[in-house]
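Required output: the full structure, derived from the provided sequences and hints.
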Amino acid sequence: MQRKTWLLGAAVAGGSLVIGIVVGVFLMKVWTRPLAPSLPTLVPTATQGALPTQAPTQVPTQAATAAPPTATPAPTNTPTPTPAPMCGGPASMNILAIGTNRGFYDLADVIRVIRVDFVTGDVYVVPLPRDLKVDLPPKITTYPSPQKLNEGYFLGTPVWQWGAPRSGGAALLAQTLSYNFGITTDHYVVVSGKGFRDLVDAVGGVQIYLPAPVVDPGQAHANFPAGPQTLDGYHTWLLARIRKNVGDPGRIERQNMILKALLDRVTSPAILPRLPEMAKLYSSLVMTDLSPQQISQLICLLQKMDNPKAHFHFYAVPRDLLKESAESVYAGQVKNIRDVLLWDERYKQWLHDAIEGKIKP
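Following our numbering, the numbering of the sequence shown begins with 14 at its first residue and continues without gaps.
Worth double-checking, as some hints may not be accurate.
[Stated by the list, open to error] 27 Å max Cα-Cα, derived BS3-like pairs, lysine-lysine:
#1 K293 to K273
#2 K273 to K322
#3 K322 to K293
#4 K371 to K361
#5 K273 to K361
#6 K257 to K336
#7 K373 to K361
[Unchecked claim] Just the calculated beta-carbon pair ranges, DEER-fashion:
#8 N320 to W175: 30 to 40 Å
#9 T95 to K373: 29 to 39 Å
#10 P96 to V347: 48 to 58 Å
#11 K317 to K373: 18 to 28 Å
#12 K257 to S297: 37 to 47 Å
#13 P289 to D214: 18 to 28 Å
#14 G176 to E369: 28 to 38 Å
#15 T95 to A225: 31 to 41 Å
#16 D352 to A225: 51 to 61 Å
I should point out that these hints are in silico values taken from the structure, not numbers from a laboratory. Where is the CB? At the ideal position from N, CA and C, for every residue including glycine.
Following this line, the structure appears as structure tokens:
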């Protein structure tokens, strides 16, 4: 009887252990699983994406008959150990951030490449104007080129690409950046206009200062006076969309002002401790291939910053490296004369230097 009882107890314990392992493995998979389809593996194209490399300098060798000089051995320095990444994250992570107007399947109004350095805790936010004239990668899509950069998102969505996954727009835009500029992104985050408005309302609005009035009758009769003001989600979104009299580069500078104000609010003592909870509650407002584990790592890094303003670096558009022009480009399959921004190798180099944090904003 005692033997049967022991065997029954052992079986129950063994079964509980197996169930525990299965549940643990399941939770780990859920914890590390991307919330949306991942980006394809990106390999920059040598002719379009990769930056030109300088040939190595040839060092002449001494003649074989010459006696080798006696070298004094230089003292060896003990290498400084590289600090480990914080919060269990990778050394760095490149995130393609995309803002749309109506839902997830629309033109990309906002495009940023964000490099997160988990070693130093620095975050570099680099904008790409939506009007950049680019070529779509020919092996990825059948749509003709050239197009505006913001089309590179829209044409990959299920609206324009039959059978495409939800992430099709982000995937095509990421591949377009790789094909034209040699930029590789690891993950993406897409925020719709409604999602942005709701997120701003969720943190209680933002406080901004406008040095001059901003008026645009074409944008729902927008009229923002000069001076300090607190904006709710709708009016923050409205201000972020206006480009009258300033163009897309000017709008990007205004968006940077809004992002800095939003950062101030998110890192405030009232909001920062609630970020993990809010990330779960408002996860439906964004589309991303980040996993819950990676989102937790990003929140952890933000919470470790003693002075977030010093760690976030927002870049403006280098206007002197871009040229406004009216060019014949496609919008989908239709070719028209449209206002675009032309760029060259100098702009491409600037993008890489900014993303790597080699130049100051």
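Here is what the structure says about each hint:
1. The hinted pair formed by K293 and K273 meets the criterion: a straight-line CA distance of about 23 Å does not exceed 27 Å.
2. Under the criterion of a C-alpha separation no larger than 27 Å, the hint pairing K273 with K322 is consistent with the structure, at around 8 Å.
3. Restraint check for K322 and K293: satisfied, since their Cα atoms lie roughly 25 Å apart, inside the 27 Å limit.
4. Of the pairs offered as hints, the one joining K371 and K361 holds, with about 14 Å between alpha carbons and a cut-off of 27 Å not exceeded.
5. For a cut-off of 27 Å, the pair hint linking K273 to K361 stands: about 25 Å separates their Cα positions.
6. For the given pair, K257 sits about 18 Å from K336 by alpha-carbon distance, which is consistent with the 27 Å threshold.
7. About 16 Å separates the Cα atoms of K373 and K361, which keeps this hinted pair within 27 Å; it holds.
8. Range check, N320 to W175: about 49 Å between beta-carbon atoms, so the 30 to 40 Å window is missed.
9. In this structure the hint that T95 and K373 lie 29 to 39 Å apart at CB is violated, the actual value being about 23 Å.
10. A hinted range of 48 to 58 Å holds for the C-beta pair P96 and V347, which are about 52 Å apart.
11. A C-beta distance of roughly 23 Å is found between K317 and K373, which places it inside the suggested range of 18 to 28 Å.
12. In this structure the hint that K257 and S297 lie 37 to 47 Å apart at CB is violated, the actual value being about 32 Å.
13. For P289 and D214, the Cβ-Cβ distance of about 19 Å falls inside the hinted range of 18 to 28 Å, so the restraint holds.
14. Judged by the Cβ atoms, the range 28 to 38 Å given for G176 and E369 holds: they are separated by roughly 37 Å.
15. For the pair T95 and A225, the beta carbons lie near 46 Å from each other, so the given range of 31 to 41 Å is not met.
16. Taking 51 to 61 Å as the suggested C-beta distance range, the pair D352 and A225 does not conform, at roughly 24 Å.
Hint compliance for this structure: hints 8, 9, 12, 15 and 16 are not met, and every other hint is.
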